[in-house]
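> Top to bottom, those sequences are chains A and B. Once you know that position 130 of the first sequence is 130 in my numbering, the rest is easy, because the numbers rise by one and skip nothing. Once you know that position 428 of the second sequence is 428 in my numbering, the rest is easy, because the numbers rise by one and skip nothing.
Derived from the structure by calculation, the hints contain no laboratory data. Just so it is clear, the structure is predicted and the values come from calculations on it, not from any experiment. Yeah, the Cβ is synthetic: ideal placement off N, Cα and C, and Gly gets one too. Heads up, a few of these hints could be off.
[As the list claims (entries may be wrong)] Subject to a maximum C-alpha distance of 25 Å in a straight line, what follows is the list of computed SDA-like cross-link-like pairs (lysine to any residue):
1) 106/A to 488/B
2) 101/A to 12/A
3) 340/B to 362/B
4) 375/B to 132/B
5) 281/B to 12/A
6) 217/A to 40/B
7) 101/B to 410/B
8) 124/A to 101/B
[Stated by the list, open to error] Sample of chain B residues at the chain A side, in silico, Cβ under 10 Å:
9) 15
10) 16
11) 20
12) 23
13) 34
14) 35
15) 74
16) 75
17) 244
2 protein chains.
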Amino acid sequence: MTKQEALNILLNKVAEILAIGQVHSVFGWDSTTDGGAPVSSFGYRGNAMAFLSGESYKRIVADDTREAFETLEGDATLTAEEAALARGAARSYKLNSAIPKDELEKFIALTTEADNVWRTAKEKSDYASVEPYYAKIFDFSRRVADWRGYENHPYNALLDEYEIGLSVAALDKFFDALRLSIVPLLRKITDSGIQPKKIDGSFPIENQRLLTRELVKTVGFDTSRGRIGETVHPYCMLVNPNDVRIAVAYHEDDLLSGVYSTIHECGHAIYDQNVRADLYKYGMHDMSMGLHESQSRFLENIIGRSRAFAPVLLELLRSQFDSFKKWSADDLYSAVNIAKPSLVRIEADELTYSLHVMVRYEIEKKLVQGEVSTKDLPELWNAMYEEYLGVRPPTHALGALQDSHWAGGAVGYFPTYALGTAYSAQLLHAMEKTVDWQSGVAAGDLSCVIGWLKQNVHQDGSLYMPEEVLQRATGESFNPTYYTSYLSEKFTKLYRVSQFL
Amino acid sequence: MTKQEALNILLNKVAEILAIGQVHSVFGWDSTTDGGAPVSSFGYRGNAMAFLSGESYKRIVADDTREAFETLEGDATLTAEEAALARGAARSYKLNSAIPKDELEKFIALTTEADNVWRTAKEKSDYASVEPYYAKIFDFSRRVADWRGYENHPYNALLDEYEIGLSVAALDKFFDALRLSIVPLLRKITDSGIQPKKIDGSFPIENQRLLTRELVKTVGFDTSRGRIGETVHPYCMLVNPNDVRIAVAYHEDDLLSGVYSTIHECGHAIYDQNVRADLYKYGMHDMSMGLHESQSRFLENIIGRSRAFAPVLLELLRSQFDSFKKWSADDLYSAVNIAKPSLVRIEADELTYSLHVMVRYEIEKKLVQGEVSTKDLPELWNAMYEEYLGVRPPTHALGALQDSHWAGGAVGYFPTYALGTAYSAQLLHAMEKTVDWQSGVAAGDLSCVIGWLKQNVHQDGSLYMPEEVLQRATGESFNPTYYTSYLSEKFTKLYRVSQFL
Numbered sequence: 001m002t003k004q005e006a007l008n009i010l011l012n013k014v015a016e017i018l019a020i021g022q023v024h025s026v027f028g029w030d031s032t033t034d035g036g037a038p039v040s041s042f043g044y045r046g047n048a049m050a051f052l053s054g055e056s057y058k059r060i061v062a063d064d065t066r067e068a069f070e071t072l073e074g075d076a077t078l079t080a081e082e083a084a085l086a087r088g089a090a091r092s093y094k095l096n097s098a099i100p101k102d103e104l105e106k107f108i109a110l111t112t113e114a115d116n117v118w119r120t121a122k123e124k125s126d127y128a129s130v131e132p133y134y135a136k137i138f139d140f141s142r143r144v145a146d147w148r149g150y151e152n153h154p155y156n157a158l159l160d161e162y163e164i165g166l167s168v169a170a171l172d173k174f175f176d177a178l179r180l181s182i183v184p185l186l187r188k189i190t191d192s193g194i195q196p197k198k199i200d201g202s203f204p205i206e207n208q209r210l211l212t213r214e215l216v217k218t219v220g221f222d223t224s225r226g227r228i229g230e231t232v233h234p235y236c237m238l239v240n241p242n243d244v245r246i247a248v249a250y251h252e253d254d255l256l257s258g259v260y261s262t263i264h265e266c267g268h269a270i271y272d273q274n275v276r277a278d279l280y281k282y283g284m285h286d287m288s289m290g291l292h293e294s295q296s297r298f299l300e301n302i303i304g305r306s307r308a309f310a311p312v313l314l315e316l317l318r319s320q321f322d323s324f325k326k327w328s329a330d331d332l333y334s335a336v337n338i339a340k341p342s343l344v345r346i347e348a349d350e351l352t353y354s355l356h357v358m359v360r361y362e363i364e365k366k367l368v369q370g371e372v373s374t375k376d377l378p379e380l381w382n383a384m385y386e387e388y389l390g391v392r393p394p395t396h397a398l399g400a401l402q403d404s405h406w407a408g409g410a411v412g413y414f415p416t417y418a419l420g421t422a423y424s425a426q427l428l429h430a431m432e433k434t435v436d437w438q439s440g441v442a443a444g445d446l447s448c449v450i451g452w453l454k455q456n457v458h459q460d461g462s463l464y465m466p467e468e469v470l471q472r473a474t475g476e477s478f479n480p481t482y483y484t485s486y487l488s489e490k491f492t493k494l495y496r497v498s499q500f501l
Numbered sequence: 001m002t003k004q005e006a007l008n009i010l011l012n013k014v015a016e017i018l019a020i021g022q023v024h025s026v027f028g029w030d031s032t033t034d035g036g037a038p039v040s041s042f043g044y045r046g047n048a049m050a051f052l053s054g055e056s057y058k059r060i061v062a063d064d065t066r067e068a069f070e071t072l073e074g075d076a077t078l079t080a081e082e083a084a085l086a087r088g089a090a091r092s093y094k095l096n097s098a099i100p101k102d103e104l105e106k107f108i109a110l111t112t113e114a115d116n117v118w119r120t121a122k123e124k125s126d127y128a129s130v131e132p133y134y135a136k137i138f139d140f141s142r143r144v145a146d147w148r149g150y151e152n153h154p155y156n157a158l159l160d161e162y163e164i165g166l167s168v169a170a171l172d173k174f175f176d177a178l179r180l181s182i183v184p185l186l187r188k189i190t191d192s193g194i195q196p197k198k199i200d201g202s203f204p205i206e207n208q209r210l211l212t213r214e215l216v217k218t219v220g221f222d223t224s225r226g227r228i229g230e231t232v233h234p235y236c237m238l239v240n241p242n243d244v245r246i247a248v249a250y251h252e253d254d255l256l257s258g259v260y261s262t263i264h265e266c267g268h269a270i271y272d273q274n275v276r277a278d279l280y281k282y283g284m285h286d287m288s289m290g291l292h293e294s295q296s297r298f299l300e301n302i303i304g305r306s307r308a309f310a311p312v313l314l315e316l317l318r319s320q321f322d323s324f325k326k327w328s329a330d331d332l333y334s335a336v337n338i339a340k341p342s343l344v345r346i347e348a349d350e351l352t353y354s355l356h357v358m359v360r361y362e363i364e365k366k367l368v369q370g371e372v373s374t375k376d377l378p379e380l381w382n383a384m385y386e387e388y389l390g391v392r393p394p395t396h397a398l399g400a401l402q403d404s405h406w407a408g409g410a411v412g413y414f415p416t417y418a419l420g421t422a423y424s425a426q427l428l429h430a431m432e433k434t435v436d437w438q439s440g441v442a443a444g445d446l447s448c449v450i451g452w453l454k455q456n457v458h459q460d461g462s463l464y465m466p467e468e469v470l471q472r473a474t475g476e477s478f479n480p481t482y483y484t485s486y487l488s489e490k491f492t493k494l495y496r497v498s499q500f501l
């Protein structure tokens, strides 16, 4: 096989996989947004999803695919795009070929059904109905680890799927550092007795929708190349480079939830929108989960919860809700940064967020290791919340049933949330060396921020490995100290407590 | 190959084709409803659509598919379902294998783009921008006819795709009869000077949405196994037996347009919903276009525009619009049956509707024959409207650009609209022998109608050939006299003109 033949094979495979990806994405969007597809049709839909996954699998795990990437391996004449294409094909092949095809198909059908069961179970706070699905899903995860092989811990085989090279050893160290830093700071804050003014009241959904339209423009989401839907659990989705979508959720009694989940999803969406369109055909719109999360957190927290953004947000809020006429930018800055122990991850504040992730990390690690069973999961969950956050969920809906990930089969995904959040602080430190972002943001113009991110992170998609992207953008490899320092400085100042712990 | 092997091959192919069909449908729905996908993404989407069509094609036109249906041909031990499965596979194979695969792929990509261009062209009434696409599409149609082969007229090869065995000879006869009957009746009505009270005013979209929710329930659409969206050009779509959708359109200044297009699409949807679910795996939810249209027209016109339904509709209208408090059921009955020459097919009244179809039939016939060019299409269109209907379109948007069919590549489809409408009158005649439908409908209960249709038409899906369905339901083969008699009686009475022409 010549180099050109090998490249053509891989480009054709990617073109077909992208076509499948487009319809797969839209099918998922159709199930979950704006009322969703009829629940009675989910059985039929599961067949279609399983079929699509099988079709992708056939192209990823094929003899000619393997021959093609093996042909290109180590070829020094490849362009960066071609090298990344071959590297991506090899990685997908290895991840997928480890799993027998019939097992994968059964698993897809299982998770489609589980996701459906989970939706009802969450409404009814009924853990028992979803437990048998979780048992099968974690059992499958353990077998995936065995099929793929691993060093030291079976969980490593699952972590690597979402973030190349991520390991239990690294995460244990990372979370230990966070625990040492955040838990005492949180205690100081709680002990300080300071209680900033809260945003209370009822905020009509229709006004929140109108607010969203302006908000997404302000933060830089290009709606001419995207779409906004409404769902239960917000997410961002790439259909193709000119169709990146965010699904948001509104709560009449919780305005900030809608605002910040929208900004968060915009962070993801802008990343997708800013990748060079010519990289699409090489499959380079498939970025590291950790980096992706760094972009959503960057926009949501570092920008969206900054003092500089407060007057901008206040102006937007005032355009829809008269009650904000009485608020100052300082009031709002404090209100969007209230730090306190809470039950629900996606509504957690910036300071405690990673503790929520830590609970899930510890649980996944134990479940995959087989130390505990899914039957024990809620009790384990509740005990850890009590230990790390000092609160105990009164219902499973507010506890172990709150996230969709496990029902969807995503084991090993959660840790990237905390990792990405830590990346974002390191990126901020780098950006501040050249960009006076606070002046721009305070003036309601985020282009200096988005421009820097596009230049240093977004535009290349997955052309480079995550650690390489971080190195190129910040001049050093991952260093969690930026994150702990950022949190300590910000919250020490906000709550006027000592930063010496 | 044994009988069982052959059946298994066909059942597996159908299962995959249905999976592709599900995602294909949803992808189309996503493009066209509730705001639609970003226009800038249509190029990428075209690739996905072409891929899906190619994947269906590969399963329809395969050596093992051919071997399987050939194995089953003439096997007297097959059940009705198995025989229909084999017959369907053979028909699809023959229709599709005639077209070279690369030509089909190019055509799918072309029509995806053409549909997009048409949307903009219609808005701007700009025929020139879409003409090159029409030229290519009709050129392709002519080549399809050549590839498939035909007797007497190339158009026959295209007509047969939408309604088995339909021919120019039969349609010429059918339209001649309609022309002889309807054109003079319409003239009498116009000459009578009778002008029933019209529904005027502005009807807020939000109220029309609320009306729709009740209306669809009243006519029998099961929303727990379906979904309602909003679009430009209304349509009905099957995703799977538990997900049948209607896309409707509202106009603030034209209440009846929304009401009757909704009832029309419900007629299609109820047909799809009533097919026995166990027939799905045999591919038997793929009914004749003529029969499908007979069901939408039955609900829209025969029931929806009947005197019996008038008080029911009036009650629904009053629940949203106070202005109907002044209306009587007789007023409403007359208002929804105003017959007069008009420009737009989908807004045409029951009497003149088939004349609109006739214009399209004549044009398609000439274009496919090569007698005229797509450059001449608007002039031909306008001249025929003047000749048959006595009106000349002031813009192309109200003329040759009004329908999406040609841009979508559907040449030979239009005639089934008139044919189905004629079927519906024949079905009414049969139903009246045993069902006192007017009492049920007047009481707001359409179950006697839907029940009869389900029993006699719906439940078997495409298990039987269209002419067989008609024969079983009405005791005789297609007879257009029922249609002309029905129209003459109804409109003679409504307009108090003589029925002796």
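> If a hint holds in the structure, say so; if it does not, say that too.
Outcome of the hint check:
Annotation: proposed proximity of residue 106/A to residue 488/B is violated, straight-line Cα distance about 60 Å (limit 25 Å). Proximity of residue 101/A to residue 12/A is assessed by CA-CA distance (about 21 Å); at most 25 Å being required, the pair is judged to hold. Taking the CA atoms of residue 340/B and residue 362/B, the gap is about 21 Å. The hint holds against a cut of 25 Å. At roughly 9 Å between alpha-carbon atoms, residue 375/B and residue 132/B fall within 25 Å of each other, so this suggested pair holds.
For the hint pairing residue 281/B with residue 12/A, the CA-to-CA distance comes to about 32 Å; that exceeds 25 Å, so the pair is violated. Using a Cα cut-off of 25 Å, the hinted pair residue 217/A and residue 40/B holds, with the two alpha carbons roughly 18 Å apart. Taking the CA atoms of residue 101/B and residue 410/B, the gap is near 18 Å; set against the 25 Å cutoff, the hint holds. Of the supplied pair hints, the one linking residue 124/A and residue 101/B is violated, its CA atoms being roughly 51 Å apart against a limit of 25 Å.
Hint on residue 15/B holds. Least Cβ distance to chain A is approximately 7 Å, under the 10 Å limit. This hint holds: residue 16/B has a C-beta 6 Å from the nearest C-beta of chain A, less than the 10 Å allowed. Checking residue 20/B against chain A by beta carbon gives a least distance of about 7 Å; that is within 10 Å, so the hint holds. Look at residue 23/B: its Cβ gets to within about 4 Å of chain A, closer than 10 Å, so that hint holds up.
With 10 Å as the threshold, the beta carbon of residue 34/B comes within range of chain A, its nearest partner Cβ sitting at about 7 Å, so the hint holds. Given the 10 Å rule on beta carbons, the hint for residue 35/B holds: about 7 Å separates it from the nearest Cβ of chain A. Given hint, residue 74/B at the interface with chain A, is violated; its Cβ is 32 Å from that chain's nearest Cβ, farther than 10 Å. With 10 Å as the threshold, the beta carbon of residue 75/B stays out of range of chain A, its nearest partner Cβ sitting at about 28 Å, so the hint is violated.
Against a cut-off of 10 Å between C-beta atoms, the interface hint on residue 244/B holds, since the closest Cβ of chain A lies about 9 Å away.
In terms of the numbered hints stated before, the structure departs from hints 1, 5, 8, 15 and 16, listed from lowest to highest.
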